[in-house]
Amino acid sequence: MDHRSLSGEKKKNVFRRFADALVKYWPYYLMMLFPAVIIIIYKIVPLYGLQIAFKEYYPRIGIEDSEWVGFAHFKKFFTGSDFLRVFANTLYLNFLKILFGFPAPILLALAFNAVSGKIFQRTTQIISYIPQFLSWVIVYGFMYMLFNYNYGALNLLLEGMGLEKVPFLASEKWIVPMLIFSYVWKNIGWGSIVYFAALGNINTDYYEAAEIDGASKWSKLIYITLPLLLPIMTLMFLIQIGTLLYGDFEQNLIFMGMNSLLRKRGEILETYMYNLGIGNQQYSFATAVGIFQSVFGATLVIISNFLTKRLNGYSIW
Amino acid sequence: MRAIVFLLILMILLPIWFVFTTSFTSEVAYLRDGVQIIPKEFSLKAYEMVFEKPLFLRSIGNSLFVTIVGSVLSLVATALMAYPLSKTFLPGRRWIMFVTYMSGLFNGGVIPTWLVVKWTGLYNSLWSLIIALMIMPWLIVLLRNFFLSVPREIEEAGMIDGCGVFQAFVKIVIPMSLPALATTFMYYSLFRWNEWFNALVFIQDRELWPLQVFLRDVLLMGSVSGGGTGTDTSQGIPNETYKMAMVVLSTIPVLIMYPFVQKFFIKGLTMGGVKQ
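Chains as they are written, first to last, in this note's numbering: chain A, 734 to 1050; chain B, 1197 to 1472.
FYI, nobody ran anything at the bench for these hints, they're computed from the structure.
For every residue, glycine included, the Cβ atom is placed at its ideal position computed from N, Cα and C.
Incorrect hints may have been included.
Said to hold, decoys possible - List time: in silico DMTMM-like cross-link candidates among lysine to aspartate or glutamate, alpha-carbon distance up to 20 Å:
1) A:757 to B:1403
2) A:950 to A:938
3) B:1249 to B:1237
4) A:808 to A:789
5) B:1283 to B:1351
6) B:1283 to A:753
7) A:953 to A:938
8) B:1314 to A:789
9) A:997 to A:815
10) B:1283 to B:1352
11) B:1314 to A:797
12) B:1283 to B:1349
13) B:1249 to B:1413
14) A:757 to B:1357
15) B:1314 to A:798
16) A:898 to B:1229
17) B:1314 to B:1403
18) B:1367 to B:1357
19) A:757 to B:1229
20) A:906 to A:815
21) A:953 to A:941
22) B:1367 to B:1352
23) B:1249 to B:1401
24) B:1249 to B:1349
As the list claims (entries may be wrong) - A few chain A positions that, by computed beta-carbon distances, are all more than 10 Å from chain B:
25) 803
26) 825
27) 828
28) 833
29) 862
30) 896
31) 939
32) 952
33) 953
34) 956
35) 977
36) 997
37) 1019
38) 1034
Please work from the sequences and hints to get the whole structure.
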């Protein structure tokens, strides 16, 4: 018996096992058929389309017959003038979102935790989650009322104080603060939930013991509360680091609107891809940008998950 | 402490309140005084105008259709996938689970997905949103984890009594999993109600636009000129207040559902680990 027939035998066994399983458990496999077809067509088949990043794709010619161009689109992206700007914008925005968006929910949770009165606490908490449930379009509508140039609340206030009005929503200088503010506004309440839950799990004995020792409010916060929050803080921090290359696509898209001035600071990888791909029909180039983002983005996610596992013994998956 | 929390909550509520009051102000008063905490000249004109807009009403209909039909289908598909995957004896389930999970992490992205939507003939149809976005892999994981916790003995007892796999699933597992199924349904429906980017890519006709896409169009068209150029002000035709009335009408369904759904969402946070 030579090697080939042995492996053939093995293969047969696999098929055999599969056939047996199919006979024995067919209802379970039948159940999965419908969702599996959907996943295959709309999640896995698109992966086949990724090859257009290495081709010069024209819809009229089709994916198969389009010409292979190797890494030409990637080269064009990396050496092009847009790369640094878009890449830097993506990282910079996410850096600021972590800088402001990471501590904000923690502070809110601490405030909720310290507040007296169950009803007041519950009501304010529930209100704080509302923005999370609204789309970015609607959030933009709200920000519009606060910040628009002619009649916005903030500009009326500035005018009332005798200061000059500021075109918050339409100036290159202000787009980043607007994005950060609306991001924090939308996420602060929802983000506080995990921290609030963690605070509730802290054993009150610790505080009582500290009080007996005469600890002040601040030292209790610094020596008891924060160290006990550290695991969940690291976890949330690492999750955010993992998404460093992914922007809030819908947010940037709506805040930039049709104002091309704002693209200079507000353009991120996703919007860039969208504008080139769908807007300018540079399908191959936009797909190449997408691959770049996926590969580096997924690497970051995997690294951050690995670190989380090491530090907390807790994995995202 | 109370004061601090109160101020923070005020910061969250203020923009919502401003949109609300503006939508009830007459356009003339708004253009004269700007945003007010309490409307000076109460008017329903903006709402009258909104309801005269057939495209707006259509977009609400489109959104409702996609949200309701889409979320039901999503829930069915997710449950059908999650249940067999929770059976630890099922050969191949690890492999299927892995592929499912990975399909959520790495996907073709906007353009290849759009090409498949075109290829399957769904381009420029509401069904593109319903079918192409039917499954969120992480919700399969979430629901599967829940199904794992359903005691096997109860199911087995049912099967001994003559239930088949399907019957056991429908009659025993589903009634026991209602909270988890509701949570999954809520996630899908909120996602579908708020989603607009894919609609922007998959749908061309204005008549087929979901509400969010329509709203985006209305909001941005105005802001090109820096937020109200003052055209039409003399006639008092609502423009700014009209936009805000639309924002209010789009927010209301979420706010009505909100007290009921937020509990489920918080449950979702703890059920499948942390997910944003």
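Hints versus structure:
no., hint, verdict
1, A:757 to B:1403, "violated (49 Å)"
2, A:950 to A:938, "holds (15 Å)"
3, B:1249 to B:1237, "violated (23 Å)"
4, A:808 to A:789, "holds (14 Å)"
5, B:1283 to B:1351, "holds (11 Å)"
6, B:1283 to A:753, "holds (17 Å)"
7, A:953 to A:938, "holds (12 Å)"
8, B:1314 to A:789, "holds (19 Å)"
9, A:997 to A:815, "holds (10 Å)"
10, B:1283 to B:1352, "holds (12 Å)"
11, B:1314 to A:797, "holds (16 Å)"
12, B:1283 to B:1349, "holds (13 Å)"
13, B:1249 to B:1413, "holds (14 Å)"
14, A:757 to B:1357, "holds (19 Å)"
15, B:1314 to A:798, "holds (18 Å)"
16, A:898 to B:1229, "holds (15 Å)"
17, B:1314 to B:1403, "holds (19 Å)"
18, B:1367 to B:1357, "holds (12 Å)"
19, A:757 to B:1229, "violated (74 Å)"
20, A:906 to A:815, "holds (19 Å)"
21, A:953 to A:941, "holds (10 Å)"
22, B:1367 to B:1352, "holds (13 Å)"
23, B:1249 to B:1401, "holds (16 Å)"
24, B:1249 to B:1349, "violated (57 Å)"
25, 803, "holds (19 Å)"
26, 825, "holds (20 Å)"
27, 828, "holds (17 Å)"
28, 833, "holds (14 Å)"
29, 862, "violated (6 Å)"
30, 896, "holds (15 Å)"
31, 939, "holds (20 Å)"
32, 952, "holds (18 Å)"
33, 953, "holds (14 Å)"
34, 956, "holds (20 Å)"
35, 977, "holds (14 Å)"
36, 997, "holds (17 Å)"
37, 1019, "violated (6 Å)"
38, 1034, "violated (7 Å)"
The earlier numbered hints that this structure contradicts are 1, 3, 19, 24, 29, 37 and 38.
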